[in-house]
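2 protein chains.
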Amino acid sequence: MLRLGPLVVTGRLLPVGPARGRVSLSRSRSWLSRPTGPVGDRGLFYRQVRAVAGSAGGGSRCLALKTPKGTRDHPPAHVALRDRLLAAVVACFKRHGAAAIDTPVLELRETLTGKYGEGARLIYELQDQGGELLALRYDLTVPFARYLAMNKITNMKRYHVAKVYRRDNPATTRGRYREFYQCDFDIAGQFDPMIPDAECLKIVHEILSDLQLGDFLIKVNDRRILNGVFAVCNIPESKFITTCSTVDKLDKMPWEEVRSEMVGEKGLSPEAADRIGEYVQLHGGLDLIERLLQDPKLSQNKLAKEGLGDMKLLFEYLTLFGIAGKISFDLSLARGLDYYTGVIFEAVLLQQENDHVEEPVSVGSVAGGGRYDGLVGMFDPKGRKVPCVGVSIGIERIFSILEQRVKASGEKVRTTETQVLVATPQKHLLAARLKLISELWDAGIKAEMLYKKDPKLLKQLQYCEDMGIPFAAIVGEQELTDGVVKLRDVAMRQEVDIPREKLVDEIRRRLEP
Amino acid sequence: MLRLGPLVVTGRLLPVGPARGRVSLSRSRSWLSRPTGPVGDRGLFYRQVRAVAGSAGGGSRCLALKTPKGTRDHPPAHVALRDRLLAAVVACFKRHGAAAIDTPVLELRETLTGKYGEGARLIYELQDQGGELLALRYDLTVPFARYLAMNKITNMKRYHVAKVYRRDNPATTRGRYREFYQCDFDIAGQFDPMIPDAECLKIVHEILSDLQLGDFLIKVNDRRILNGVFAVCNIPESKFITTCSTVDKLDKMPWEEVRSEMVGEKGLSPEAADRIGEYVQLHGGLDLIERLLQDPKLSQNKLAKEGLGDMKLLFEYLTLFGIAGKISFDLSLARGLDYYTGVIFEAVLLQQENDHVEEPVSVGSVAGGGRYDGLVGMFDPKGRKVPCVGVSIGIERIFSILEQRVKASGEKVRTTETQVLVATPQKHLLAARLKLISELWDAGIKAEMLYKKDPKLLKQLQYCEDMGIPFAAIVGEQELTDGVVKLRDVAMRQEVDIPREKLVDEIRRRLEP
Chain A
1 MLRLGPLVVT GRLLPVGPAR GRVSLSRSRS WLSRPTGPVG DRGLFYRQVR
51 AVAGSAGGGS RCLALKTPKG TRDHPPAHVA LRDRLLAAVV ACFKRHGAAA
101 IDTPVLELRE TLTGKYGEGA RLIYELQDQG GELLALRYDL TVPFARYLAM
151 NKITNMKRYH VAKVYRRDNP ATTRGRYREF YQCDFDIAGQ FDPMIPDAEC
201 LKIVHEILSD LQLGDFLIKV NDRRILNGVF AVCNIPESKF ITTCSTVDKL
251 DKMPWEEVRS EMVGEKGLSP EAADRIGEYV QLHGGLDLIE RLLQDPKLSQ
301 NKLAKEGLGD MKLLFEYLTL FGIAGKISFD LSLARGLDYY TGVIFEAVLL
351 QQENDHVEEP VSVGSVAGGG RYDGLVGMFD PKGRKVPCVG VSIGIERIFS
401 ILEQRVKASG EKVRTTETQV LVATPQKHLL AARLKLISEL WDAGIKAEML
451 YKKDPKLLKQ LQYCEDMGIP FAAIVGEQEL TDGVVKLRDV AMRQEVDIPR
501 EKLVDEIRRR LEP
Chain B
1 MLRLGPLVVT GRLLPVGPAR GRVSLSRSRS WLSRPTGPVG DRGLFYRQVR
51 AVAGSAGGGS RCLALKTPKG TRDHPPAHVA LRDRLLAAVV ACFKRHGAAA
101 IDTPVLELRE TLTGKYGEGA RLIYELQDQG GELLALRYDL TVPFARYLAM
151 NKITNMKRYH VAKVYRRDNP ATTRGRYREF YQCDFDIAGQ FDPMIPDAEC
201 LKIVHEILSD LQLGDFLIKV NDRRILNGVF AVCNIPESKF ITTCSTVDKL
251 DKMPWEEVRS EMVGEKGLSP EAADRIGEYV QLHGGLDLIE RLLQDPKLSQ
301 NKLAKEGLGD MKLLFEYLTL FGIAGKISFD LSLARGLDYY TGVIFEAVLL
351 QQENDHVEEP VSVGSVAGGG RYDGLVGMFD PKGRKVPCVG VSIGIERIFS
401 ILEQRVKASG EKVRTTETQV LVATPQKHLL AARLKLISEL WDAGIKAEML
451 YKKDPKLLKQ LQYCEDMGIP FAAIVGEQEL TDGVVKLRDV AMRQEVDIPR
501 EKLVDEIRRR LEP
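Those protein sequences? They're chains A and B, same order as listed.
Counted the way this note's numbering counts, the first sequence spans residues 1 to 513.
Counted the way this note's numbering counts, the second sequence spans residues 1 to 513.
There may be inaccurate statements among the hints.
Note: identical chains are not told apart, hence a pair may lie in one copy or across any two.
Said to hold, decoys possible - Straight line, CA to CA, 25 Å or less: simulated BS3-like cross-link-like pairs of lysine-lysine:
(1) Lys326 <-> Lys459
(2) Lys66 <-> Lys252
(3) Lys69 <-> Lys163
(4) Lys163 <-> Lys94
(5) Lys163 <-> Lys66
(6) Lys452 <-> Lys385
(7) Lys163 <-> Lys486
(8) Lys163 <-> Lys252
(9) Lys152 <-> Lys326
(10) Lys446 <-> Lys326
(11) Lys435 <-> Lys407
(12) Lys459 <-> Lys412
(13) Lys427 <-> Lys266
(14) Lys252 <-> Lys456
(15) Lys452 <-> Lys94
(16) Lys312 <-> Lys427
(17) Lys239 <-> Lys266
(18) Lys297 <-> Lys435
(19) Lys427 <-> Lys452
(20) Lys412 <-> Lys66
(21) Lys152 <-> Lys412
(22) Lys94 <-> Lys502
(23) Lys407 <-> Lys453
(24) Lys66 <-> Lys382
Hints are computed from structural coordinates only; laboratory data are not their basis.
As the structure is a prediction and not an experimental result, all values here were calculated from the model.
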């Protein structure tokens, strides 16, 4: 169980009771002009502050005390774990030579318009306050494309870890928040085919393996293959996108239901649906690619042949990377975003990490990406294209799993890094405590003290135990006289007197791993 | 000069020419249904993508290619430097035992209303899209107070490093952005007086000293003292706030101008202004505090006495912390935010770091904070108060200085951490390169390769020099035959053959500091 010290309460939202009616707080400026007590009265101060809430006598606040729908605070234990996770992901990105960039959370609305297809209705827009029309970024890919176009960059390998915003409905999908982290790695530039694409998949494989999330699978497909399949099945081009989104449901629905939707809702003929079914239920490896390259219909389609040729190349590279075993060429994979032009992929976890947990965590996909060769060209004034491929790691889902795991393991996660508590056992020794802690801070030692003039020794030692602080440096009257500090090993419950001038060195020595 | 490799162009905004008229991109869904070429045509793909911009033939984009006013992208060199700076600040916060929290960038509008006085007009509001009325956070203090009240926390020591949003006018003040980082450290809880307050000042002192920004000064004052001064000068309470904001300008304007504004604009009598002038031009240390405690008028004022008594205690603690030399009790310090109730402080840099630079960087204040005992009570339904004191470090201003310094020093800042470039000198060796780099990644070595099937060796070595990569691992036909890898020290221009199975160990050995 996550154990937190007395200074921190685990960040669960404690209900604060029904609002007793709304108070308009927009009168803030005027209340300060209304004198409510004698000049210089301390009470004036706090009456002024209370009056902001609009009620002079009582203290009813009537504010909805909450974070916006779909967002949440992150208490210390949460942040500590999240930072560990992000550090692991970033370490992988750096291992592959990416440089970090950052972009504003705000973008011009027109930057985001027309890039997300159906997702566009989920964009948070800023109010028109007389300036530019703005919105919150929906992902990190479009900002990257804008950045490349703005700076006329033709090749770049970058990572970007930041929050994005989508007005999703969090109630329908567990763990689906409106503000969430994305960890993106992208390679922009004209290079020899499939090499950067293969590296993106290698990165997904490395991260998911390093995090020990259990067995996983990376499905790959290609927009050109999909479009080629639809073409040889005689689907009208006007129905490509809508057919795609139905096909994509094959990971959640059986073929019969998918077929029904195609015929019943999307208006395809039953024969066309059957023809599609002959392809999109297929998945495999190099052997499947070879087979499809020989397929009499597909081999006549230029786009499909191109896609299959590249898929074969990709699998050869993935084999050299030693990861082909976890890759599945899956013709049902479609992915939502319109801007993909080539390879697309998605990583899913195959079994629950914590099979003994009562409520197994169902997490869906944990990473996804693909090639998007046309996006930068949409921003460049001359339409100059910069081919790109990239991957986005879904940190929130992975975080839920790790959180469950930590809970189940009973691991004690410290929320602070304090090494020494400076303590005094008798009264009137605050000055000695302040002097000593200042020396420790100046020497770079992580130290705390209680904010009381005369704290009890027992309380100070209890604080060490609660917070997991390994040492206490105790100065009492005797120690001051003798010029020593009593250094206490909290876990071992052992104390020894150290000469004052040797204290820092002794602490450093003991802290060495 | 900051030197960047070929993959990255320094992130200066290159103008992209005037917009040629706006294109509505909201037609995104419909264009994909319009067939524009033969089925299966590769061209269809790119015509579809180009059509989003609305012009089927040419390639005119007509998008305003920019970040929103007052915001900017952060290219790799910038991010690298910024991360170093943030790490130094966070190290100090952790040294003092703070735990990190995070809160959403979005808050309910009512959470922010009534907390910022004049600043309220600078709040970014989200459009009403049918749900809750939202805004972007303006600082990290109000979210903290909300967090404490929501979770019924009565004591906590937390830090929070994150971006905040203010619709400021960036043109008027150099370096004043609308999106910028704040690094906040706050102590919440009922403790013995001035101990946490003193620690906040110690933290400011440590950070500014560690960053070697040159000489600095931390001004301190107290809202109670200010209000007491106004009271004994017979200023009507209704004019306290407005007088405060004029007094605050004494750091930028001489007293005569400040006095004129008081009389001419704020409606104070010349006598009252003169009386104020006798106090607010004072600054000093413990001696000044003692003098004011004996002041016949001030000593009659309860609030002023309280403030002066606590100021004396504060100075005693700061002396024990060894930092009183950089602290000035300055009666002209007022600070903008309404929620301060006790001590207030502000740190300023005293002289330019780079006196030889033609354009000295004028940066104003680099940190500020104070005590705000009434804020949490504004959120708590029962008005329960949690006293708080905290400091906010102004990272952007410090960053400008460090950026100038790096430029002037000619320090080469690497934007990646790559240790080894895997290279092949002859053609048809891509497979060998992929295999070798995969081994290095799997061993945790940070490695890159060029994304070409048959790159020239010279280009690969040039890439090492440009990016500051210390080693190249070269496998050519001979090396493959001999079962070795040629490990090249790029800076020394020395190569040696290492048996393949010993390569990882040899690289690790050489990378040890």
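Going through the hints against the structure:
1. Proximity of Lys326 and Lys459 under a CA criterion of 25 Å is satisfied in neither setting, with 54 Å inside one chain copy and 34 Å between copies.
2. Taking the closest pair of Cα atoms, Lys66 and Lys252 never come within 25 Å of each other, the shortest separation being 34 Å inside a single copy and 40 Å across copies.
3. In the homo-oligomer, the alpha carbons of Lys69 and Lys163 lie at most 25 Å apart both inside one protomer (16 Å) and across protomers (20 Å), since each shortest distance falls under that limit.
4. Taking the shortest alpha-carbon separations for Lys163 and Lys94, both the intra-copy value of 19 Å and the inter-copy value of 24 Å come in at or below 25 Å.
5. Within a single copy, Lys163 and Lys66 get their C-alpha atoms as close as 20 Å, and across copies as close as 20 Å, so both meet the 25 Å cut-off.
6. In this assembly of identical chains, the alpha carbons of Lys452 and Lys385 lie at most 25 Å apart only when taken from different copies (19 Å versus 65 Å within one copy).
7. In this assembly of identical chains, Lys163 and Lys486 lie within 25 Å of each other by CA distance neither inside one copy nor across copies; the values are 47 Å within and 43 Å between.
8. In this assembly of identical chains, the alpha carbons of Lys163 and Lys252 never lie at most 25 Å apart, being 27 Å within a copy and 38 Å across copies at closest.
9. Proximity of Lys152 and Lys326 under a CA criterion of 25 Å is satisfied in neither setting, with 37 Å inside one chain copy and 47 Å between copies.
10. Proximity of Lys446 and Lys326 under a CA criterion of 25 Å is satisfied inter-copy only: 23 Å between copies versus 44 Å inside one chain copy.
11. With identical chains, the CA atoms of Lys435 and Lys407 are never at most 25 Å apart, being 40 Å at best within one copy and 39 Å at best between copies.
12. Only within a single protomer do Lys459 and Lys412 lie at most 25 Å apart by alpha-carbon distance; the minimum there is 21 Å, versus 51 Å between protomers.
13. Within a single copy, Lys427 and Lys266 get their C-alpha atoms no closer than 81 Å, and across copies no closer than 50 Å, so neither meets the 25 Å cut-off.
14. With identical chains, the CA atoms of Lys252 and Lys456 are never at most 25 Å apart, being 61 Å at best within one copy and 48 Å at best between copies.
15. Proximity of Lys452 and Lys94 under a CA criterion of 25 Å is satisfied inter-copy only: 21 Å between copies versus 45 Å inside one chain copy.
16. In this homomeric assembly, Lys312 and Lys427 come within 25 Å of each other (Cα to Cα) only across copies, at 21 Å, whereas the closest approach inside a single copy is 78 Å.
17. In this assembly of identical chains, the alpha carbons of Lys239 and Lys266 lie at most 25 Å apart only when taken from the same copy (8 Å versus 70 Å across copies).
18. In this assembly of identical chains, the alpha carbons of Lys297 and Lys435 never lie at most 25 Å apart, being 84 Å within a copy and 36 Å across copies at closest.
19. Taking the closest pair of Cα atoms, Lys427 and Lys452 come within 25 Å of each other only inside a single copy of the chain (10 Å); across copies the shortest separation is 73 Å, beyond that limit.
20. For a Cα distance limit of 25 Å, the shortest separation of Lys412 from Lys66 qualifies neither inside one copy, at 28 Å, nor across copies, at 47 Å.
21. For a Cα distance limit of 25 Å, the shortest separation of Lys152 from Lys412 across copies, 23 Å, qualifies, whereas the shortest one inside one copy, 49 Å, does not.
22. Taking identical chains as interchangeable, the C-alpha atoms of Lys94 and Lys502 lie at most 25 Å apart only when they sit on different chains, with a minimum of 23 Å there against 40 Å within one chain.
23. For the homomeric pair Lys407 and Lys453, neither the shortest alpha-carbon distance inside one copy (37 Å) nor that between copies (48 Å) is at most 25 Å.
24. Taking the closest pair of Cα atoms, Lys66 and Lys382 come within 25 Å of each other only across two copies (16 Å); inside a single copy the shortest separation is 47 Å, beyond that limit.
Hints 1, 2, 7, 8, 9, 11, 13, 14, 18, 20 and 23 from the earlier list are contradicted by this structure; the remaining hints agree with it.
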